[in-house]
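Residue numbers (our numbering), protein chains in the order written: chain A, 167 to 345; chain B, 23 to 218.
Quick caveat, the hints were computed from the structure, so don't treat them as lab data.
We put the CB at the ideal spot given by N, CA and C, even for glycine.
Warning: the hint list may mix true and false statements.
Taking lysine-lysine and the DSS-like style, the derived pairs with C-alpha atoms no more than 27 Å apart in a straight line are [claimed, not checked]: (1) K338(A) with K195(B); (2) K338(A) with K212(B); (3) K338(A) with K206(B); (4) K134(B) with K180(B); (5) K134(B) with K206(B); (6) K175(B) with K134(B); (7) K206(B) with K175(B); (8) K338(A) with K134(B); (9) K195(B) with K175(B); (10) K212(B) with K175(B); (11) K180(B) with K205(B); (12) K151(B) with K180(B).
Residues from chain B that face chain A, not an exhaustive set, calculated with beta carbons under 7 Å [claimed, not checked]: (13) I135; (14) Q140; (15) R145; (16) R152; (17) A174; (18) F176; (19) W188; (20) P191.
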Amino acid sequence: MAQGSLGYMTIEGADGEIRGASLVVDYRGVPMDFRYTDPIRPTRLERILYGNALDVYLREELILQSLLNAVEARPSLWICGDMDLLQPLRTTGKVRAAYLTHSAHAPLDAVGHTESAGENGAVLLQADAISAPLRVVFPQEIRQDEMTGALNILIEAAQSMELMEPFGRIQKALASLSE
Amino acid sequence: MAFDFSEIREYFSRHVLGRVKIKQASLKIHRPLISSLRNNIETHPLRTKMQVNAPEILAMHGNLNCSSNGFRFASELVSVKGDRIRRYVPQEIKVKKIKLINNIKPENALRKIINFPQERTNRLKWQRKRPALAQGEMVLAYYGPIIEGAAAKFILNKQRGTLLVWYNPSSRKFGARGLFLCKKLGANSKPEWRWL
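Using the sequences plus the hints, can you model the full thing?
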């Protein structure tokens, strides 16, 4: 029986407000822990005073850190859908993290195979036999054994869930909570 | 007839001699008084003159205690505008960790996310295996992976071509399978689900 879990982290901003959410699921995709923040709306004065640092400050220091501190379930691997969150997850959160996206690449030879995807040390991973390979990016200073471990987690989880699907559920939940 | 003026002069000179005072008139001309048409402006300070008393005089009335420590503007005179810049602290909705027991009452947020189904896309183009088909049957879609033992409800979203799956969170089943959607050709036939 699979005991591992995956954490999904998303922080999004639109219309002058920014909010974040995290969802930890088991390898079936069943929720184990769900946290979200209220939307933060910086005032005009705060935008002027903080300048360009405001977005980074809100995302990395406040929302991300607050969510990581609040989550009780400790996932085997954090997955972010935003490349900007990858390094803060590693440096600030001190957690194992990967940035995951779909690719339009043709399937690789077999499940578990990887292929270099060029920039940022990205790799294509054939996580299961019934989808296109996923594009995975790891933090810059990750060790080879850590990367291998993270890839194995993704392969194992993909046998019983769709790896990108929880992001859509977070969006629906946030939209529902805003109503 | 001609008068002899010299005789007349001599007569009068003898007659008034010593009685006539001769005064000397000054030829000095006074300067005319010149007045300006402009108005003269007199300025008078409204302030009373500062009077500085010698310390000795003050000492006569008792020693004055002069100190800058007690010098304060009355607070009512000063009005300060502006707001404190607050440090952001996102309010967090605390959700308890899920416990896999039947009678749990999760918080609203967690209940919402649990109630959301998982969405499976059609992966038929990636799936090489096919179910055994009867004559006239065809495969429309393949959805997976799905935990058969944990699934509580399925709904096919015909608009998006996706399958919505509700899991029972208290289930301990982890075995994943796939689900084919098959249909027999013909107007009256209903689609069928088959596990792989």
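Each hint tested on the structure:
| no. | hint | result |
| --- | --- | --- |
| 1 | K338(A) with K195(B) | 26 Å, holds |
| 2 | K338(A) with K212(B) | 31 Å, violated |
| 3 | K338(A) with K206(B) | 35 Å, violated |
| 4 | K134(B) with K180(B) | 23 Å, holds |
| 5 | K134(B) with K206(B) | 38 Å, violated |
| 6 | K175(B) with K134(B) | 16 Å, holds |
| 7 | K206(B) with K175(B) | 24 Å, holds |
| 8 | K338(A) with K134(B) | 10 Å, holds |
| 9 | K195(B) with K175(B) | 15 Å, holds |
| 10 | K212(B) with K175(B) | 19 Å, holds |
| 11 | K180(B) with K205(B) | 14 Å, holds |
| 12 | K151(B) with K180(B) | 23 Å, holds |
| 13 | I135 | 5 Å, holds |
| 14 | Q140 | 5 Å, holds |
| 15 | R145 | 4 Å, holds |
| 16 | R152 | 13 Å, violated |
| 17 | A174 | 11 Å, violated |
| 18 | F176 | 15 Å, violated |
| 19 | W188 | 10 Å, violated |
| 20 | P191 | 5 Å, holds |
Consistency note: the structure conflicts with the earlier hints numbered 2, 3, 5, 16, 17, 18 and 19.
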